[in-house]
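**Student:** Line by line, the protein sequences are chains A and B.
Take the first sequence: its position 145, counted from the start at 1, is 144 in numbering that gives the first Met the number 0, and no numbers get skipped.
Take the second sequence: its position 32, counted from the start at 1, is 31 in numbering that gives the first Met the number 0, and no numbers get skipped.
Careful: at least some of the hints might be erroneous.
Taking beta-carbon pairs under 8 Å as the criterion, some of the chain A residues facing chain B (in silico) [unchecked claim]: (1) L44; (2) I63; (3) G69; (4) A100; (5) L111; (6) M124; (7) G168; (8) L178.
If you want the ones that stay clear, here's a sample from chain A, every Cβ over 12 Å from chain B, calculated [as the list claims (entries may be wrong)]: (9) S15; (10) A20; (11) G150.
Quick caveat, the hints were computed from the structure, so don't treat them as lab data.
Think of the CB as a built atom: it goes at the ideal place given N, C-alpha and C, for glycine as much as any other residue.
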Amino acid sequence: MKGIDSIQPAQASPPSMLALAWAWVAIGSQSLGGGPATLYLMRALLVDRHKWITPKSFLECWVISKASPGMHLVALSGLVGERIAGLRGIAVSVSTMVLPAALITVLFTAGLVEIEQQPLVQGIMRGIVPATGGIALAMAVYFGQTSVRKGRLAVADWLFVAVAALLVGVANASVLLILAASAVLGVIIARPTAEFPKAPSSAVQE
Amino acid sequence: MDPLEFFLIFLKATTFTFAGLGSLPLLQQDLVHIRGWATDAQLAKAVAVGRLSPGPNGMYVVSLGYLLMGWWGALLATLGSVLPPLIILPLAPVLRRTMHVPWVNGLMRGIALGSTGLMLPVGLALALPEGFALSNARLAGNIGLAVLAFSVTRTGRMHPALVLGGAGILGVLLSFAGL
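With the rest of the complex left out, here is chain A (with noise of 0.2 Å):
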């Protein structure tokens, strides 16, 4: 626990861990869209008008928050929490911003599944399914972009991409096994090509 920042206190005494609920509870159920409204509400919450933890410490969590498995915010959150206040500080912040929307959304689901039989629905459906695949790939190809390396390697990642899809979507491969073979393949690739040329020991702390 002797990252740079890990000392560093909060610049507001730690909140009660009601207000901290209602600050989640405020972030888990107004942001729609996604991650960059989650996002948003939280910076603006607990970072600008609360407080509770300082835009270097925030923005840290964050960078961590990425190498996180699943939903990135719920990640963030508990990281965000711990920063406020220790262990209880992560069970309010996970629960209260998960619950909320958890339940709007069943009750959302559960909502459609009462009139989904109606013309007018059936309607709205047909075009928003196909819109989703629409919006699934889109996210594939940012995932993408965001991921594949410069220059004239950036065709052999894309092509690792198409074979990944292929295989998957062609001959029925085990998707763990590609993403197995992935995480193997991403780490034989990471050394030869030096992706941090700037710094050789990029593992100092500093």
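With chain A held as given, fit chain B onto it using these hints.
**Tutor:** Only chain B this time, still in chain A's reference frame:
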């Protein structure tokens, strides 16, 4: 559907993937292809609800859980997808030091690239739920809607709820036109 198996499928799908929709390929393989517990149309419905309701996009799994197994399904899916990201908490001090080590970085990029590839067939399956068995007119409508949603989402400037709202209106118009 065995509740424990159900929970483990969601846990697995979240543990080995990154970000909101990253779990979709694994869930599709396990739930649709291997066990037949879900259909591509249900996946699409859940993704749409996840986009339209508050919170992270990954919350689509909650909707999927509810569609497949009611309130219990929603609870199990929520637990299965909230627990894995928390593994980062004990790892955070180590990560602060090793995140920029080339091989750690390469590992994460490899997984990200693999996930990108895995997402492509899922996106196609959602856009064309019945594959190419659709009538030509419907097929053209679906492809048009998917391409439209793809292009306005890609730039990241338009709010996803607006994109889906627009798609809903277009869907109603297409239905009235008999497409």
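**Student:** Next, verify each hint and record whether it holds.
**Tutor:** Hint check:
For the restraint placing A:L44 at the interface with chain B, the shortest Cβ-Cβ distance is roughly 14 Å, beyond the 8 Å limit, so the hint is violated. With a cut of 8 Å, the hint placing A:I63 at the interface with chain B holds, because the nearest CB-to-CB distance is about 5 Å. A cut of 8 Å between beta carbons decides the hint on A:G69: the least distance to chain B is about 4 Å, and the hint holds. At its closest, the beta carbon of A:A100 sits 3 Å from a beta carbon of chain B; the interface hint therefore holds under the 8 Å criterion.
Checking A:L111 against chain B by beta carbon gives a least distance of about 6 Å; that is within 8 Å, so the hint holds. Hint on A:M124 holds. Least Cβ distance to chain B is approximately 7 Å, under the 8 Å limit. With a least beta-carbon distance of about 3 Å to chain B, the hint placing A:G168 at the interface is held under the 8 Å criterion. Interface hint status for A:L178: upheld, as the beta-carbon distance to the closest one in chain B is roughly 5 Å, under 8 Å.
Against chain B, the non-interface label of A:S15 holds: every CB pair exceeds 12 Å, the least being about 22 Å. Distance check for A:A20 against chain B: the nearest CB is about 16 Å away, which clears 12 Å, and the non-interface claim stands. Separation of A:G150 from chain B is adequate, the least Cβ-Cβ distance of about 15 Å exceeding the 12 Å criterion.
Hint violations for this structure: number 1 only, all remaining hints satisfied.
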